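The whole structure should be built from the sequences, with the hints applied where relevant.
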Amino acid sequence: MDLILFLVFGAIALVCAVNVVVQRHPISSAVSLIGVMGSLAILYLLLGAEFLAAAQVIVYAGAVMVLFVFVIMLLNAGTEIRQGQSFTVQLLGVPVLIGLLVLLAFLGRLLSRPETMVRFGDFHGGGPKAVGEALFTTFLLPFEATSVLILIAIVGAMVLARKEMD
Amino acid sequence: MQQVPTSWFLMLAAALFTLGVAGFLFRRNIVTVFMSIELMLNAVNLSFVAFAHQHRQVDGHLYAFFVMVVAAAEAAVGLAIILTVFRNRGTLNIDDVDSMKD
Amino acid sequence: MDYSFFIVSLVKTAVVFAALMTTLAYLQWVERKVIAHIQVRPGPYRVGPHGLLQPLADVIKLLTKEDLVPPYVNKLLYVGAPFLAITMALLSISVIPFGPEIRVGGTHTYMQLTDLNIGVLFVLAVSSMGVYGVALAGWSSNNKYALLGGLRSSAQMISYELPMSLAIASPLLLSNTLSLRELVEKQSGNLFHWNLLSGPFPQIVSFIVFLIAAFAETNRVPFDLPEAENELVAGFHVEYSSMKFASFFMAEYANMITVSSMATLLFLGGWVAPWPAKYGSGLVPVLIFAAAGAIALYHGVHASRRRDTLSFPVVGIVFLGVAAFFLLPVVQEWLLPLFWFCAKTGGILFLFMWIRGTLPRFRYDQLMGFAWKFLFPVAMANLLITGLAVALVS
Chain A
1 MDLILFLVFG
11 AIALVCAVNV
21 VVQRHPISSA
31 VSLIGVMGSL
41 AILYLLLGAE
51 FLAAAQVIVY
61 AGAVMVLFVF
71 VIMLLNAGTE
81 IRQGQSFTVQ
91 LLGVPVLIGL
101 LVLLAFLGRL
111 LSRPETMVRF
121 GDFHGGGPKA
131 VGEALFTTFL
141 LPFEATSVLI
151 LIAIVGAMVL
161 ARKEMD
Chain B
1001 MQQVPTSWFL
1011 MLAAALFTLG
1021 VAGFLFRRNI
1031 VTVFMSIELM
1041 LNAVNLSFVA
1051 FAHQHRQVDG
1061 HLYAFFVMVV
1071 AAAEAAVGLA
1081 IILTVFRNRG
1091 TLNIDDVDSM
1101 KD
Chain C
2001 MDYSFFIVSL
2011 VKTAVVFAAL
2021 MTTLAYLQWV
2031 ERKVIAHIQV
2041 RPGPYRVGPH
2051 GLLQPLADVI
2061 KLLTKEDLVP
2071 PYVNKLLYVG
2081 APFLAITMAL
2091 LSISVIPFGP
2101 EIRVGGTHTY
2111 MQLTDLNIGV
2121 LFVLAVSSMG
2131 VYGVALAGWS
2141 SNNKYALLGG
2151 LRSSAQMISY
2161 ELPMSLAIAS
2171 PLLLSNTLSL
2181 RELVEKQSGN
2191 LFHWNLLSGP
2201 FPQIVSFIVF
2211 LIAAFAETNR
2221 VPFDLPEAEN
2231 ELVAGFHVEY
2241 SSMKFASFFM
2251 AEYANMITVS
2261 SMATLLFLGG
2271 WVAPWPAKYG
2281 SGLVPVLIFA
2291 AAGAIALYHG
2301 VHASRRRDTL
2311 SFPVVGIVFL
2321 GVAAFFLLPV
2331 VQEWLLPLFW
2341 FCAKTGGILF
2351 LFMWIRGTLP
2361 RFRYDQLMGF
2371 AWKFLFPVAM
2381 ANLLITGLAV
2391 ALVS
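Protein chains in written order, with the numbering used here: chain A, 1 to 166; chain B, 1001 to 1102; chain C, 2001 to 2394.
These are computed hints drawn from the structure, not numbers from a lab. Values in this document were obtained by computation on a predicted structure and should not be read as measured data. C-beta atoms are modelled at their ideal positions from N, C-alpha and C, and glycine is treated no differently. Heads up, some of the hints might be wrong.
[To be verified] Here are the computed lysine to aspartate or glutamate pairs in the EDC-like style, where the Cα-Cα straight-line distance is at most 20 angstroms:
id, chain 1, residue 1, chain 2, residue 2
1, C, Lys2012, C, Glu2333
2, C, Lys2278, C, Glu2101
3, C, Lys2186, C, Glu2333
4, A, Lys129, B, Asp1059
5, C, Lys2278, C, Glu2185
6, C, Lys2012, C, Asp2115
7, A, Lys163, C, Glu2031
8, C, Lys2061, C, Glu2101
9, A, Lys129, C, Glu2185
10, A, Lys129, C, Glu2066
11, C, Lys2186, C, Glu2252
12, C, Lys2065, C, Asp2115
13, C, Lys2278, C, Asp2365
14, A, Lys129, C, Glu2182
15, C, Lys2012, C, Glu2101
[Claimed, not checked] Output of the computed footprint for chain A on chain C, the stretches with three or more beta carbons under 8 angstroms from beta carbons of chain A:
id, region
16, 2041 to 2047
17, 2131 to 2142
Here's what the structure looks like:
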């Protein structure tokens, strides 16, 4: 059952990710990215990260992507005109990417102990209580720092995006 | 057949990351480039959570949470910058915003 | 393989879905009647006795209308947007508990489709995803008015999500759990254990903030500028017809039911009676239905119109039958909590309709300014004071 869930939602995530990169209109890429984030949230649930799955849908898919969709709609970004690429890029582009993929997959296999298996219900420490406790004891300094960071981002975004008062 | 090896999650994260790099390098529309960056960040989050499961600690979830928060802040500021660039240059194609290149 | 879990879940899903669809249809009838009586007119009256078959007539009309897909729309998003809206609206009902644990046949089961231990976050997540139904509908219609309406509506929905989340966080500090079932179980007792009136700091301010934010989240008056008929040519659903249009309205009513249920669970104690059953709170529904039955019988006997000599006594006898049904002890253990839950949720839904018939609507800049400059600081101040009170007491 876990295998089927992983295969289905992993396949959805991969197809949507390919769609993000391949589609010509930004709104199709944005909707595909929402699909990627949704399937990743289900994979987080499989890995026992229930608070993080909810946070992924609320923050990432429900707020950050709404921001992207708003900007695309406001700017009325049209489809992209495909331009030619230089010879080096055409020759080396795909092989370099495949090399990167192989390197990362190899690292992943190396760093994960091969006998560890993921079963739904294995890990109970990802609930809101555990995350809250860690957030306010071990990770208190990053928590406060990111609060200030968000404040800076709000003020910066408002200053950048407002119309000039002439 | 009921279990999934952890390395499969990491390989999925590697594939998503590589797709994000591909989008970042090959696309010309600035919003799509930004979305590829978000894809890369999501792949990294998946690998954090997979390792947290492997070591049975909640710290990986916390790292992923902070990545999410920083990505949200970065999306806000980045999109404001994109709006300003569009207002001043009238284009969303990154090849056309090269007036400081020699 | 233990199949009983699947069978029980399927049966519960079927029951909840059927009840929900009927409630959605008849909620519209209730709304039209309530608004009509506020405006001193009878409301739907002709289709069936007192207009009770009006929702059926509306469903038939919407199903048989021409389902037009204009050629200039983005087809995938155009078809997907109402589907997304109604899916997200119905999905959030799946974690709402309607009552305590009951015993049916040989199995114990909760009166809830599923009890997540992050239930509150699930409802928030699903309502965040519901914004996309509106935004993508506005975009895919390829129409200036639809786009503006969709953008305004989705900006309003995400702006009011913030005070709503903060207003939700305050009673969670008192109850210390995110699971909706445990939230209600911690409020058991009497009226003064409900989160509205209990604890070191009664949550009256956050209840009011939650209700105001709920009005804005579901695009109801006084916040319905983006979808009113005389503004922006009806906003984001101007290019939709027939079943897709109906989906948006079903999604709006389902969202109303969800936020009313959340208000009941978070603040008003869910299915807990105002005073314990051993002091006779089990007699309240009996008295209410018996009184309604007696009034209907009296009006049936002294009828002013000829057709009322049949309908009113029938209604009266039905109500008296329901009152007698409430007296059966075998039924009381699950029917009484369900009655209290429906009564409280119904009261908040009536408040939604009452306000729709009474208040004018906000202008868009007033609406957004109200969210960011007033509601958000008030909700945050309430959260801080609640946290301080809880920390000082414990």
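Verification of the hints:
no. : hint                   : in the structure
1   : C:Lys2012 to C:Glu2333 : 18 angstroms, holds
2   : C:Lys2278 to C:Glu2101 : 19 angstroms, holds
3   : C:Lys2186 to C:Glu2333 : 19 angstroms, holds
4   : A:Lys129 to B:Asp1059  : 13 angstroms, holds
5   : C:Lys2278 to C:Glu2185 : 18 angstroms, holds
6   : C:Lys2012 to C:Asp2115 : 13 angstroms, holds
7   : A:Lys163 to C:Glu2031  : 43 angstroms, violated
8   : C:Lys2061 to C:Glu2101 : 40 angstroms, violated
9   : A:Lys129 to C:Glu2185  : 19 angstroms, holds
10  : A:Lys129 to C:Glu2066  : 52 angstroms, violated
11  : C:Lys2186 to C:Glu2252 : 30 angstroms, violated
12  : C:Lys2065 to C:Asp2115 : 39 angstroms, violated
13  : C:Lys2278 to C:Asp2365 : 52 angstroms, violated
14  : A:Lys129 to C:Glu2182  : 14 angstroms, holds
15  : C:Lys2012 to C:Glu2101 : 13 angstroms, holds
16  : 2041 to 2047           : violated (count 0)
17  : 2131 to 2142           : holds (count 6)
Violated hints, in rising order: 7, 8, 10, 11, 12, 13, 16; the structure is consistent with all others.
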